[in-house]
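When you get a sec, could you build the whole thing from the sequences and use the hints?
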Amino acid sequence: MVFSYYPGCTLKTKAKDLDRYARASAEALGITLNELENWQCCGGAFTMARDEIATKLSSVRALEASRETGLVTLCSACHNVIKQTNHAMANDEEFAMKVNNYMKLDTPYHGETKVIHYLEMLRDVVGFDKLAAAVKNPLKGKKIAAYYGCLLLRPGKVLGMDNPENPQIIEDFIRAIGGTPVIYPYRNECCGGYMATEDKALASKKSTLVMDSAAENGADMMITACPLCLYNLTKNASGALPVYYFTELLAEALGVKE
Amino acid sequence: MNNEMMKEQVIRMSGVNPLKCMRCGKCSGTCPSYDEMEYHPHQFVYMVEKGEIDKLMASPSIYKCLSCFACVERCPRDVEPAKLVEAIRLMVVRQQGQNHLKANEIPALLDNDLPQQALVTAFRKYTK
Ligand code: SF4
Ligand code: SF4
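For the protein sequence lines, the chains are A and B, in the order given. Per the working numbering, residue 1 is the first one in the first sequence, and the count goes up by one each step. Per the working numbering, residue 259 is the first one in the second sequence, and the count goes up by one each step.
These aren't lab readings, by the way, just hints derived from the structure by calculation. There could be a bad hint or two in this list.
[Said to hold, decoys possible] Derived lysine-lysine pairs resembling DSSO-like cross-links, with alpha carbons at most 30 Å apart:
id: 1; chain 1: A; residue 1: K157; chain 2: B; residue 2: K360
id: 2; chain 1: A; residue 1: K205; chain 2: B; residue 2: K313
id: 3; chain 1: A; residue 1: K235; chain 2: B; residue 2: K386
So, in structure tokens, the structure goes:
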């Protein structure tokens, strides 16, 4: 299987591990991720206003360039922005008309591209049973807390990835690589997000709640798909649990971590 | 612009119909920024309904929304309060000279690990 792949700005800089281990693991699983040429930053947050056009064009360009192959995203924020933009292109006629009018594409774009997160690729394309069969170093005895945060699942109706209030995709992933998932109440609550810039106290309060909740429920470690969640949990939370990108554990389990 | 015109503008930009709200308060109950806000998500909804746009525009609450979509997901009436917070913030930052975050403030915010994602998101939220 071959997919177009959208890494995004942070995976090229502060979150190189998230990207590197994802590529190595995909290869080991027989999937080719072709990085889109000339992709542009998604902007980090979906601008909800319907009259915001320019801020959504980078996502539309990535989507439009992936019509034939489908698009795989990895960073939770890129995934959120690109999927919400795709949904708007398919469902908000006035918005799509303005975008198409500006872009002057040979074939107007109306949200035809299928966008999936890397985790959806593991679940729906590879299959968690096949993944489990490919594991060389199972993470036996490791109690792992899946941290979804906000951007991976919400709005549930638009992203369509999993049940936004009782998700299981990362827990199923953890089982597939041989670990034991830990369920805790704050797994889909916000870490404080970009408030790490202007209100560190808020980011610290929110990320501490998340980490304490994971620790109280017996986790040894936490995993995430979001560079900003990882930052807030490691730099702004007062707890001491180690936090990893899920792709790092995946690469370790598949024996392709260098 | 008077409040009535601004109300129409906010409703058009956000696509939200405040009349759907049944004032249950669930949006505010689930909002991670609740303690930081002067006006809470449910108050945005009824203040827009009443046309009190100027008050909301003057409140620092518009810079406190984390865009976590919890209120959007959990509202039993599909009101989507976050879209009102966003529309009102845009009404402010779209005015000349009203950027909430300025490029020269960035160096002081940086540390070695701060991901680019935090900065681009803050810029997208706070500036035009
Ligand atoms: S999207 Fe904003 S207003 Fe809504 S719950 Fe999250 S922080 Fe609060
Ligand atoms: S959750 Fe929805 S219905 Fe309830 S107060 Fe908030 S906007 Fe209104």
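So, going through the hints one by one against the coordinates:
1. K157(A) to K360(B): violated (35 Å)
2. K205(A) to K313(B): Since the Cα atoms of K205(A) and K313(B) sit roughly 28 Å apart, the hinted pair holds (cutoff 30 Å).
3. K235(A) to K386(B): Distance of about 29 Å is within 30 Å: holds.
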